[in-house]
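What follows is the residue order along each chain.
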Amino acid sequence: MRELRSGRLTRHENLESFSLLVHGTFAFPEKWWFPGGDFHDYVKQEIRSNVYDAKDTFWWSGRYKARDRAVGAERLAGWVEAKGAARLDTVFAHSYGGAVALQATQWGLEMETAVLLSTPVDNYEVEWRNIGRAVSLRIHCDLVLLAARTKQRFTANVEEHWIDSWFVKHAASHESSIWEAGGWASVLGLWGGGGASSRVGPDGPAAGVAHCLCARCTGVHELL
Amino acid sequence: MTESSDELADGTRRPRADTESAGSSDDDSRYTNAARALAIGAQLSGRRVAIEGIESDIDAVGAPIEVRAPSSDARAEAVAEADDVLAELDAGAVLEIEAANASRLGRRSTEPAFAEQRVEAWRVIQQNPQELAYLYAWLRLLMAEEDPLLHASASSALSHWRRPTKAPDSETPFRLGMQGRTSRGLSATQIPRSVRSLRPPSGGRRRTRPCENCVAVD
Chain A
48 MRELRSGRLT RHENLESFSL LVHGTFAFPE KWWFPGGDFH DYVKQEIRSN VYDAKDTFWW
108 SGRYKARDRA VGAERLAGWV EAKGAARLDT VFAHSYGGAV ALQATQWGLE METAVLLSTP
168 VDNYEVEWRN IGRAVSLRIH CDLVLLAART KQRFTANVEE HWIDSWFVKH AASHESSIWE
228 AGGWASVLGL WGGGGASSRV GPDGPAAGVA HCLCARCTGV HELL
Chain B
3 MTESSDELAD GTRRPRADTE SAGSSDDDSR YTNAARALAI GAQLSGRRVA IEGIESDIDA
63 VGAPIEVRAP SSDARAEAVA EADDVLAELD AGAVLEIEAA NASRLGRRST EPAFAEQRVE
123 AWRVIQQNPQ ELAYLYAWLR LLMAEEDPLL HASASSALSH WRRPTKAPDS ETPFRLGMQG
183 RTSRGLSATQ IPRSVRSLRP PSGGRRRTRP CENCVAVD
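So the sequence lines, in the order shown, correspond to chains A and B. FYI, in this note's numbering the residues of the first sequence are 48 to 271. FYI, in this note's numbering the residues of the second sequence are 3 to 220.
Hint data in this document are derived by calculation from the structure and do not stem from the laboratory. Note that beta-carbon positions come from the ideal geometry of N, C-alpha and C, so glycine has one too.
Cβ pair distances, simulated, as ranges:
1. A:E174 - B:R49: 19 to 29 Å
2. B:A102 - A:K102: 49 to 59 Å
3. A:D103 - B:A76: 54 to 64 Å
4. B:A71 - A:T202: 21 to 31 Å
5. B:D92 - A:N170: 39 to 49 Å
6. A:G131 - B:E113: 52 to 62 Å
7. B:A102 - A:A129: 55 to 65 Å
8. A:G131 - B:G55: 32 to 42 Å
Excised from the complex, chain A in its bound form (with noise of 0.2 Å):
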C-alpha cells in the first residue's frame, strides 16, 4: 500500500468558512493548486491562513468541456455545503476553474471574495449577489484565451488588473514569484476589509517575508 508522501489526511468537517483553490483546464495532476502545493503554500502563509489544506480538497475534472465545467461547479457547490460551510471565505480559481468557481453560485454557492486568475470570459451563468467581490488578474494577450477563442475581459461586475506580461505565461496569474514581485495581495485588496482572522497580510506569520505599499519600492523588494 502506498503511503501519501506529506501534507495532511484530516478531513475539515462543520467548517465556518474557509478559503480555496481550483486549478483550470488539465491541471489536475499538477501541484500548485493542491494543499503542498507552490502556490498554495504562498496563498497559506501570506494571503489566507483559512485556505481549505486537506487532501481531500475540492477537484473536478480538468477536461476542456463546458458540460465538465458545468458538473463540476455543482458539485463545487455540493461539496462546500458537505464541509458545513455556509459561504467561502475567497476563492482562488484559475482560467476555467473560475468559470467552475462562478458557475457554482447558480447553485447556491456564497463566497466573500472571488479571485479570477486568467479566466476567460464567456456566458456562464452567475449568481452575482452570491460573490462579496471579484477581481481578475490576466496577462496581456493571453495567447491559451485567444486560441480558445474567448474574451479576455470582464465587463461588468469584475475588478480586472493585468500583470506587466504578455502572450505566454498563462500560468503566471498562479505563480507565487509573480504575486511576491508584484505585490498583487495588496493591489487586488486582499489584505483589507473583514474577516481579519483569516488575512495574514503584511504582518503575517511567514518570517523573513513582507511586503509594503511604500512609494519607494512599489511592492516590489529587493531579492535576498
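Following the hints, complete the assembly by docking chain B onto the known chain A.
Chain B in isolation, oriented as in the chain A frame:
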C-alpha cells in the same frame, strides 16, 4: 528593437508591432505573429468576441481589428486569389507543402522558410486589412512553416470553418487547418502547449525582504 530590451522581468517578451517582425525568428516576433494569426482567425471566422476587450493588446501586436468575416463564397474566392498572391510572392512552395501535407513539424525549426514573403504580405495587410487574399496568403505562409507555434496558430486560424451543406469539399488550406488540429490533437490547448514547450524556463520561488524604507501597510 533588441531582444534584451524587450525581455520582461519574468522572462516573457513584449510584442513587436513593426512590419519586419512578420518575418523575424526572435521570440518577440514569433509570439507576436502567433497572436496576429489567432486574432485574425477569430475575426475571419466571425468570432469577434475573442478580441473584445483586448483591442489595445491587438493594436500593440500590429494586427488589424476591422476584418470582416467573409461569406463562404467570398472565402473560397479569396483563397483562390491567395494562390496567385503566393505565386507573386515567389512562395509557390507553400502550395506544394499543402499538397504534400508533409509533416514538416518533425524538424521543429523556428527558422522561417518564408521570411521575406511574410513581410511583404504583412505590409499589404497593414495598409489594407480588408485584402482577404493577402490575409489568407499570410496565414498559409505561417502554416507552411516548421515552427510549431506558428504552424499551430495558423492552423487554428484556418480551421474554424463550417462547410456549406451542399459544398463538395472545403478548400485545401481550410481542410489542412482542420486536419492539423484533429490529426495532431490541435485544440485550444495545443497552441499554449507549443508555447509552453518553447518559452524560457521560469525561475524558482523568490524570497523577499522589505527595503529599508518600508513600513508595513495594511
